[in-house]
Amino acid sequence: MATRRLYRGVLNLSTSVWCKLIDDDELETFKTLEPSDPSSHRIASLVLPPYLLPSGHHLIAMPDYGYDLNAVNGRSLSGTRLHVITRQLIEAIQFLHSHNLCHLDIKPHNLAMDHRTSDLTVIDLGWVMYGKPPCMPQGSAGTYECVAPEVRKWFDWEETEEGDPPPLYDPWKVDAWAIGHTVRILMNKKEVVVDGWHELDEFSRWMMEDRPSMIKALERFDAVFKSVLDVSRQKRKIGRRIRSQVSLFFSFRVVYVPRLDVFSLNESTGYTQSGL
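The opening residue of the sequence shown carries number 1 in the working numbering; numbering runs sequentially from there.
Honestly, the hints are just simulated from the structure, not real lab data.
Please read all numbers here as calculations on a predicted model, not as lab measurements.
Heads up, the beta-carbon is just placed ideally off N, CA and C, and yes, glycines get one too.
Careful, some of the hints might be misleading.
Stated by the list, open to error - Simulated pairs of lysine-lysine, DSS-like, Cα-Cα distance not exceeding 25 Å: (1) K107 to K216; (2) K190 to K107; (3) K107 to K153; (4) K31 to K153; (5) K173 to K216; (6) K190 to K173; (7) K173 to K153; (8) K190 to K132; (9) K31 to K132.
Claimed, not checked - Just the calculated beta-carbon pair ranges, DEER-fashion: (10) D210 to E91: 15 to 23 Å; (11) D25 to F155: 14 to 22 Å; (12) E209 to P49: 40 to 48 Å; (13) F155 to G56: 20 to 28 Å; (14) E162 to L218: 36 to 44 Å; (15) E162 to L229: 46 to 54 Å.
With these hints in hand, go ahead and build the complete structure from the sequences.
Set out below in structure tokens:
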């Protein structure tokens with residue numbers, strides 16, 4: 001697997017792009033998804049043909065999708081934005097699963113967000129594997145700190161190869177666990193203030209414990225968070241109305257200036273009062 005190096009560049013005067021080095025396996029994943037309309041999913045797509053380098057790596061260019069979620073500050077994820085991101089992440093992985101692809105390396109570094117639109121994109125496909133259920137792979141995959149316990153066991157075993165190898169694992173359930181884990185990482189960022197914190201906390205735990213299919217995850221998400229998002233929208237609506245009324249008040253208010261008494265000093269008689 002190639003080490004990811006990501007650079008920003010300019011395709012023309014109005015379009016910025018990312019340039020990245022990838023290996024043959026990741027390029028094959030991009031080619032597998034190429035027939036799909038990029039606007040129909042949340043997986044990175046190429047804007048130029050890949051260029052083969054002497055090292056055997058491929059130089060690719062993709063749209064500038066924003067900033068990876070590891071670099072995004074907590075304030076940018078507050079309110080209901082983290083809910084929006086969570087749903088989009090489930091949609092993205094559901095798209096991969098529908099093509100018999102499992103990501104196996106879901107983490108904030110591999111996800112990008114456009115600050116203007118809150119659109120989420122999966123920007124790294126380096127560990128994606130192809131397989132039809134009930135495919136059960138073996139071996140380590142992804143990033144140790146961000147993978148499910150059953151995959152972590154393979155990392156540990158491969159260091160020593162002592163004893164029997166760990167059991168095979170279900171890659172679809174591994175992805176479900178990683179979504180819940182990623183949401184929890186983002187929830188714990190400094191300065192994050194999330195609407196419906198308790199509900200999102202429970203949802204992320206459920207993803208990690210039950211490992212549901214993405215279809216079931218979307219169904220539960222919509223059932224749980226519809227009320228949270230509706231309340232949040234209502235609060236914003238009331239807030240806008242209050243700000244509008246306050247603005248109107250200060251625009252048309254009558255300023256009352258009370259009568260002022262001004263005291264002056266008379267050298268012969270002392271203080272005298274004159275009214276203004």
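Results of checking the hints against the structure:
1. In summary, the hint linking K107 to K216 is supported, as the alpha carbons are separated by about 21 Å, within the 25 Å threshold.
2. Straight-line distance between C-alpha atoms of K190 and K107 comes to about 17 Å, which keeps the hinted pair within the 25 Å bound.
3. Taking the CA atoms of K107 and K153, the gap is near 18 Å; set against the 25 Å cutoff, the hint holds.
4. The hinted pair formed by K31 and K153 fails the criterion: a straight-line CA distance of about 32 Å is larger than 25 Å.
5. Among the hinted pairs, K173 with K216 is consistent with the structure: their alpha-carbon atoms are about 12 Å apart, no more than 25 Å.
6. With a C-alpha separation of about 29 Å, the suggested pairing of K190 with K173 is violated against the 25 Å cut-off.
7. This hinted pair checks out: K173 and K153 have alpha carbons roughly 15 Å apart, not beyond 25 Å.
8. Annotation: proposed proximity of K190 to K132 is violated, straight-line Cα distance about 40 Å (limit 25 Å).
9. Taking the CA atoms of K31 and K132, the gap is about 18 Å. The hint holds against a cut of 25 Å.
10. Between D210 and E91 the Cβ separation comes to about 19 Å, which falls inside the hinted range of 15 to 23 Å.
11. Here the CB-CB span from D25 to F155 is close to 19 Å, well matched to the stated 14 to 22 Å.
12. Roughly 44 Å separates the CB atoms of E209 and P49, a value that falls within the hinted 40 to 48 Å.
13. For the pair F155 and G56, the beta carbons lie near 26 Å from each other, so the given range of 20 to 28 Å is met.
14. Roughly 42 Å separates the CB atoms of E162 and L218, a value that falls within the hinted 36 to 44 Å.
15. Roughly 50 Å separates the CB atoms of E162 and L229, a value that falls within the hinted 46 to 54 Å.
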